[in-house]
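Chemist: Protein chains in written order, with the numbering used here: chain A, 1 to 324; chain B, 1 to 515.
To be clear, the hints were calculated from the coordinates, so they are not data collected in a lab. Be aware that a few hints might be false.
Claimed, not checked - Only pairs whose alpha carbons sit at most 25 Å apart, straight line, appear in this in silico PhoX-like list of lysine-lysine:
hint, chain 1, residue 1, chain 2, residue 2
1, B, K499, B, K228
2, B, K58, B, K326
3, B, K58, B, K348
4, B, K499, A, K202
5, B, K271, B, K228
6, A, K202, B, K228
What the hints assert, rightly or not - Beta-carbon label-pair distances, calculated as ranges:
hint, chain 1, residue 1, chain 2, residue 2, range
7, A, F118, B, W125, 36 to 42 Å
8, A, I115, B, E319, 29 to 35 Å
9, A, I291, B, E146, 44 to 50 Å
Note that the Cβ used here is the ideal one computed from N, Cα and C, for glycine as well.
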Amino acid sequence: MKFRLDPQLLVPLAALVVVAAVVALTSDRFLDPGNLGNLSLQASIVALIAIGSTVVIFTGGIDLSAGSMVALLTMILAVAIRDAGLPLEAALVLVLLTGIALGAFNGIVSAYLRIPSFITTLAGLIAFRGMALLFNNGSPIFSLDPRLEPIFYGSLAGIPLPFVYIVFFYAVAAVFMGRTRTGRKIYAVGGNPSAARLSGIKVERIQTTAFVIAGFMTAVGAILMAARLNSGSPNYGQTLELQAIAAAVVGGASLAGGRGNVLATLAGSFLIVVVQNGLNLNAVPSSIQNIILGAIILLAVGIDMWRSELTRAFAALLRRRPFH
Amino acid sequence: MTAAFSPASPAPPVLEVDRVSKRYPGVLANDAVSFSMFPGRIHGLLGENGSGKSTIIKTLSGVQRPDSGVLRIHGRPVSFADPVEARKAGIATVFQEFSIVPTLTVTENIHLGRMPRGRLGLVDWEAMRAATAEILTRLGVDIDPEAIVGRLSVAGQQMVEIAKAVATGASILILDEPTAALGLDEIAQLHALLRRMRAQGASMLYVSHRLDEVVSLVDDVTILRNGKVASAAGATEVTIDRIVAAMIGSEVGEHYPKSRNARDRVVLEAKGISTLQGARDVDLTLREGEVLGLGGVLGAGRTEIARALFGADALTAGEILLDGRKLRLSSPADAVAAGLALISENRKFDGLFPNFTGKANISIASLDRIMLRGLLRPDLEDANARRLVEELEITASAPDKAVGHLSGGNQQKVILARWLMTGARILILDEPTQGIDVGAKLAIYRLINRLTAEGKSVILISSDHEELLAMSDRIAIVRQGTVTRVAPAGALSHTDLVKASDDAGTDGASHEIPA
């Protein structure tokens, strides 16, 4: 628990700079303003969803269902607008509430019914996409509402809206984790659930809360995804949950729970998207891209697991070097 | 090893423990401990909790290395890097937790990790069955070699464990509280087995709380007290009274600054409470300003009673009254809200948040007290933590340090600080001084005095009998999950407590261990 700028932020930021430099060297189009803008817009969706993934990871759980939930929610939005004829505002509220409800479901099943969250949300990963395919015979729905696109492409005082969302939601998340009772209890539950229980914390309620937050942030991401292409599709959001988890882990959140800084997840999100962008610019096929995403996740989790060994090795390296 | 003190032992010792010392942070757990084990003899190792028995067992079984001193097997010095090496040297340890695989058969367990191979590298089942039958017959154990071990009784599983040790060619068998989970008949069966093995020349180290069975079984006895050998083999006649005298010692114990603050008003009352986890029909009363001690052996059910009172385990019967009003506890959160605190026996598993600094560990149960306009205030948290750190004489760096880097005593005080901050008025302290140094112990005793002087009440669970007698106003003896006797601490002697708790458990009725 740190309340200042701490090394947990600096490491992922440094990693981001290094990766960006490497990508810039391999492709001269990377630094093109158009590309950077595009990349940032793309990163915003991952970054917003990753807030939820990170909070769940802080409690010691994991949410694998985010990507499929995005698909389901964009289809619900599309059907609500096109078939049910709901006004856009009502449809958006419906999507947010559905995200909260699905998150609550994930939380209740894993916390109160004690099915490990890995399994609960793995079931969600499969089932939510299945549900998305139930709508419109499994086909995407296009041209939803002309007022939808500005939610993604609009700007406020010259700043693209996705950045405004990022600043807003990350600021709220940082205050929530660092300065509220629930945030502190989330770290406590992740650090030692049985001590948390004996300290009077309602552990199951806290775990469920984390999943509700994840469901809500996934809904926010789904709205941006739908707004970006003014459509809903059961194919949206594939591997998004893994990108979000990778963003959290690259940002230093410990999969064991209880440790990490939510702001570092923002750097982690950009890092993941910069890698993808670099691969796209170099025309690496998507098959290879998936392999690389897998490798990044392994590496990031490995760094988490080997943290104490790496620290020791690093310290030994420093000791060996004469400083005077 | 002088012949005058040691009963005739023609054979040279199998194992010699020679001035072995082991220090843990803040405590010298073994201080130049020496004893020898001979073939065909059972050696009893006795001592109260904290006397250093487990430490020496860990050294002998290769779990840890001694700081100084030598182990010799058949006269040759040995040193073990890990339990596997100890095993190879011929020392097998049967712990309270078995190392058998419950889903496999007796035969498979006995040969686990060293199954005989036949042609094509496949397991040679014939050879395995034959070897198993041979061992079981030799030991006189009547167990079906094809039985699934998990379906056997505890005693049966233990015999498989022993058979496994014998099958690996162990010449020295260490039994750590082997009868803790056994009934009287099963104890008799186990002892019969050990006697047969003794007749066949095995050398055994027998560690137990139950003095009556030790007296009936062992040939030699070494008694530890405060990490030192208080009585070497042959020095003490093997009778219960002599052993108790040697375990307790006659020297003046540590200083216990006890102040008596108990008043008449009853604050907490348990009426016939039971839980699935092992509290059975418990009646207790706790008065304002009182320290109520819970005495009994490990596993007697004291922790289970504490958890029941705190709402950590659900009640299946009975009720709890706080200030005469029924207290409904659906979770520890209710107990905390009602002003209870539980400092659990196992700091690491149930107490500390390893991911938090000292101050976050202190404030976690009273976050409301460091809030202002809906947000946690780091400055309030800091100020509160510093006040408590000073009050409890915790090391000054504790608030900002990760708790894992603090000493055991400081960790314990951090947890106490957590519950002082909540303003709890009923504190259940489960082994609060276990594994911490003398200075920290004294600080905890003084804290207990201060709390009771303020009218707060304490339930003290301790396996340190001296501490329990000195710090309690009344003591409830717990056996098999229930309170069997309550008496003023002054009316109980140390000997009463050792005998009452070390008893195998049938309410004062004497029982013989059949030979």
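Chemist: Look at each hint and say if it fits the structure.
Modeler: Checked hints:
About 22 Å separates the Cα atoms of K499(B) and K228(B), which keeps this hinted pair within 25 Å; it holds. For a cut-off of 25 Å, the pair hint linking K58(B) to K326(B) is broken: about 47 Å separates their Cα positions. Distance check on the hinted pair: K58(B) and K348(B) sit about 20 Å apart at the alpha-carbon level, within 25 Å; holds. A hinted pair counts as satisfied when its Cα atoms are at most 25 Å apart, and K499(B) with K202(A) does not qualify at roughly 42 Å.
The straight-line distance between the Cα atoms of K271(B) and K228(B) is roughly 43 Å, outside the 25 Å bound, and the hint therefore fails. Using a Cα cut-off of 25 Å, the hinted pair K202(A) and K228(B) is violated, with the two alpha carbons roughly 46 Å apart. Between F118(A) and W125(B), the C-beta spacing of about 39 Å keeps the proposed range 36 to 42 Å intact. At roughly 33 Å, the beta carbons of I115(A) and E319(B) sit within the given window of 29 to 35 Å.
Restraint check, I291(A) to E146(B): a C-beta distance of roughly 49 Å satisfies the suggested window 44 to 50 Å.
The structure is inconsistent with the numbered hints 2, 4, 5 and 6, although it conforms to all the rest.
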